[in-house]
Amino acid sequence: MPIERNDYTENLEGSLVELKEASTEARRWIVKMINAAGSGHPGGSLSSIDILMVLFTKVMKHDPADPTWPDRDRFVLSKGHASPALYTALAMNGYFDRTELLTLRKMGSRLQGHPSMNKTPGVDISTGSLGQGLSLAIGMALGGRLDRRDYRVYCIMGDGEIQEGQIWEAAMAASHYKIDSLCAILDRNQLQIDGPTEKIMSIEPIQPKFEAFGWHVININGHDHKDLLLAFKEAESIKGKPTLILANTVKGKGVSFMEGSLNFHGKAPNEEELEQALSELGGDV
Amino acid sequence: MDWELKNMRPGFGEALVELGKKYPQVVALNADLSGSTTTAMFEKAYPERFFNVGIAEQNMMGISAGLAATGHIVFASTFAMFATGRAYDQIRQSIAYPKLNVKIVATHAGITVGGDGASHQMHEDLALMRVLPHMKVIAPADYMETKKAVLKVAETPGPCYIRTARTNTPMIYDEDYKFRIGKADIIKEGDDVTIIAMGLMVSKAIEAAEELKKEGISARVVNNSTIKPRDKNMIIDSARRTGAIVTVEEHNMIVGMGSAVAEVLADYEPVPQRRVGIPDVFGESGESEELMQAYGLTIENIIENAKIAIAMKR
Chain X
1 MPIERNDYTE
11 NLEGSLVELK
21 EASTEARRWI
31 VKMINAAGSG
41 HPGGSLSSID
51 ILMVLFTKVM
61 KHDPADPTWP
71 DRDRFVLSKG
81 HASPALYTAL
91 AMNGYFDRTE
101 LLTLRKMGSR
111 LQGHPSMNKT
121 PGVDISTGSL
131 GQGLSLAIGM
141 ALGGRLDRRD
151 YRVYCIMGDG
161 EIQEGQIWEA
171 AMAASHYKID
181 SLCAILDRNQ
191 LQIDGPTEKI
201 MSIEPIQPKF
211 EAFGWHVINI
221 NGHDHKDLLL
231 AFKEAESIKG
241 KPTLILANTV
251 KGKGVSFMEG
261 SLNFHGKAPN
271 EEELEQALSE
281 LGGDV
Chain E
286 MDWELKNMRP
296 GFGEALVELG
306 KKYPQVVALN
316 ADLSGSTTTA
326 MFEKAYPERF
336 FNVGIAEQNM
346 MGISAGLAAT
356 GHIVFASTFA
366 MFATGRAYDQ
376 IRQSIAYPKL
386 NVKIVATHAG
396 ITVGGDGASH
406 QMHEDLALMR
416 VLPHMKVIAP
426 ADYMETKKAV
436 LKVAETPGPC
446 YIRTARTNTP
456 MIYDEDYKFR
466 IGKADIIKEG
476 DDVTIIAMGL
486 MVSKAIEAAE
496 ELKKEGISAR
506 VVNNSTIKPR
516 DKNMIIDSAR
526 RTGAIVTVEE
536 HNMIVGMGSA
546 VAEVLADYEP
556 VPQRRVGIPD
566 VFGESGESEE
576 LMQAYGLTIE
586 NIIENAKIAI
596 AMKR
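If you read the protein sequences in the order shown, they are chains X and E. Be aware that the first sequence starts at 1, since it is given in our numbering, and climbs by one per residue. Be aware that the second sequence starts at 286, since it is given in our numbering, and climbs by one per residue.
In short, the hints are calculated from the structure, not lab data. These numbers were taken from a predicted model, which means no experiment stands behind them. All C-beta atoms, glycine included, are put in the ideal place defined by N, C-alpha and C. One or more hints might be untrue.
[What the hints assert, rightly or not] Anything over 12 Å on all C-beta distances counts as not near chain E; from chain X, calculated:
1. Asn6
2. Gly94
3. Glu100
4. Thr103
5. Met107
6. His223
7. Phe257
8. Gly266
9. Ala268
10. Asn270
11. Val285
[Said to hold, decoys possible] Derived DEER-like restraints, expressed as beta-carbon distance ranges:
12. E/Asp287 <-> X/Gly214: 55 to 61 Å
13. X/Gly94 <-> E/Gly443: 29 to 35 Å
14. E/Met456 <-> X/Trp69: 45 to 51 Å
15. X/Arg110 <-> E/Lys307: 35 to 41 Å
16. E/Thr441 <-> X/Thr9: 45 to 51 Å
17. E/Ala579 <-> X/Ile238: 57 to 63 Å
18. X/Lys178 <-> E/Met456: 41 to 47 Å
19. X/Glu21 <-> E/Gly339: 43 to 49 Å
20. X/Gly94 <-> E/Asn518: 44 to 50 Å
Whole structure, please, built from the sequences with the hints as guidance.
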């Protein structure tokens with residue numbers, strides 16, 4: 001059955017105020033939960049959190065009271081190591097209590113190091129091994145097409161991740177099957193574990209690559225909530241092809257000493273660093 | 286013996302078409318081998334539920350997982366080499382770990398692929414699939430068992446791997462055969478030794494038992510088509526009844542069906558076991574029968590190992 005979609009570009013100013021506050025709180029939870037876990041990936045979580053908060057609070061049709069609602073929009077975190085950002089977006093949208101975030105990566109926790117669909121409410125599909133999420137998203141979108149459900153599928157990929165060959169197998173298939181219910185977002189934060197993407201294995205030029213594979217590409221600032229809202233709206237209007245939102249971001253965004261830092265790709269902040277991060281983000285949660 | 290020969294693969298294709306009619310949520314995927322895997326039959330009957338992803342097995346497994354996550358019963362098919370070798374990580378991460386309802390039906394398993402040679406002869410697929418939690422692993426013996434197994438797994442949620450051969454194989458079963466997941470089929474009772482076989486080696490096990498009978502040796506013959514979950518009761522029962530076991534498989538002797546049997550024997554009922562299988566080497570080009578001769582997959586080798594196992598009894 002067709003689902004009602006809100007026009008989330010109406011009352012833009014109100015949404016932007018709300019998102020600004022929510023995304024700052026989300027950043028506080030991310031640094032706090034990774035500190036509590038003692039390991040995890042702050043850099044890529046902070047670069048992708050604005051995208052996630054815009055999706056889960058404004059764009060996607062979903063129901064925290066019914067996480068398996070068949071008509072819900074689907075979400076795939078192909079860069080599964082940004083799980084702290086996904087868990088925060090889920091908690092702040094009512095899937096579980098925020099305090100549970102502090103159990104991240106701990107024995108017995110529902111919040112695994114990488115997303116697990118069988119453990120965490122709101123996680124639509126398990127990910128973690130890079131390069132696989134776009135294929136999963138295509139399968140979910142084809143499933144919706146076969147079932148005549150008009151949900152959309154969103155998939156966040158890392159920039160280093162598109163060095164995986166499977167991404168391009170999937171990119172080819174998404175346009176071959178003309179999957180316009182699919183919107184992929186590339187978190188272009190410029191860095192992978194060993195260094196800048198362009199130094200390790202260059203992925204540029206990204207936009208013409210995806211366009212040559214038959215995608216509609218929207219190039220935006222991935223921390224600008226207005227850009228994101230308008231880009232998601234534009235993606236909904238594109239017919240007959242998939243859309244890629246090329247979201248230009250900053251690794252570690254929001255915490256001065258994590259911004260653009262290779263060191264914080266996969267390292268937890270210690271107590272002192274946490275204190276400084278929280279003070280930059282407006283205090284404790 | 287005079288066997289009626291028939292290819293296993295159409296057993297898959299025909300079952301898939303039946304399933305397509307019965308269940309609207311059945312879908313099939315293929316990676317540019319729809320003719321060889323016989324999934325073209327399903328494509329013809331239900332084109333809207335068939336996806337040929339091109340030569341991209343990793344993507345096929347991922348799309349299969351996504352379709353399963355939206356409630357579909359997914360059959361993904363290609364050669365055993367590309368299914369379990371090329372796309373192992375996709376099967377592990379995207380299908381087995383999340384326990385999604387994807388049935389991987391592989392064709393062209395084993396050395397009997399023949400002329401294509403070692404690059405296409407998959408002897409380690411059962412090992413790779415057997416060590417994955419949540420995964421069921423089935424190696425049918427003939428056309429009929431392939432058909433029955435495919436029909437059965439569709440009704441059993443969760444990931445599953447079925448392997449079939451390229452060549453025509455002897456017909457062991459008829460329409461009345463009842464396939465049960467995790468339950469071996471006792472083909473012939475015997476007292477001195479149990480020959481536990483799978484896949485296209487079942488007919489050779491039956492023939493070996495006939496030859497042994499002429500020498501006064503009574504052999505129990507079992508088709509152990511479900512490698513996982515193991516039929517523990519059959520293995521323990523065989524050990525107690527006959528006191529000696531020979532396993533026979535067209536697979537690397539390491540971590541295949543013979544190893545699965547050995548694990549049960551070691552844990553519950555240690556008796557002498559001999560294993561007939563492909564040694565830990567890569568194959569080569571040749572005719573199926575020549576290759577089976579060259580790599581020890583023969584009636585003579587089964588007989589010899591049966592006698593050794595019996596001699597090893599205390």
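Find the hints from earlier in the document that the structure breaks and name them by number, from lowest to highest. Every hint satisfied by this model.
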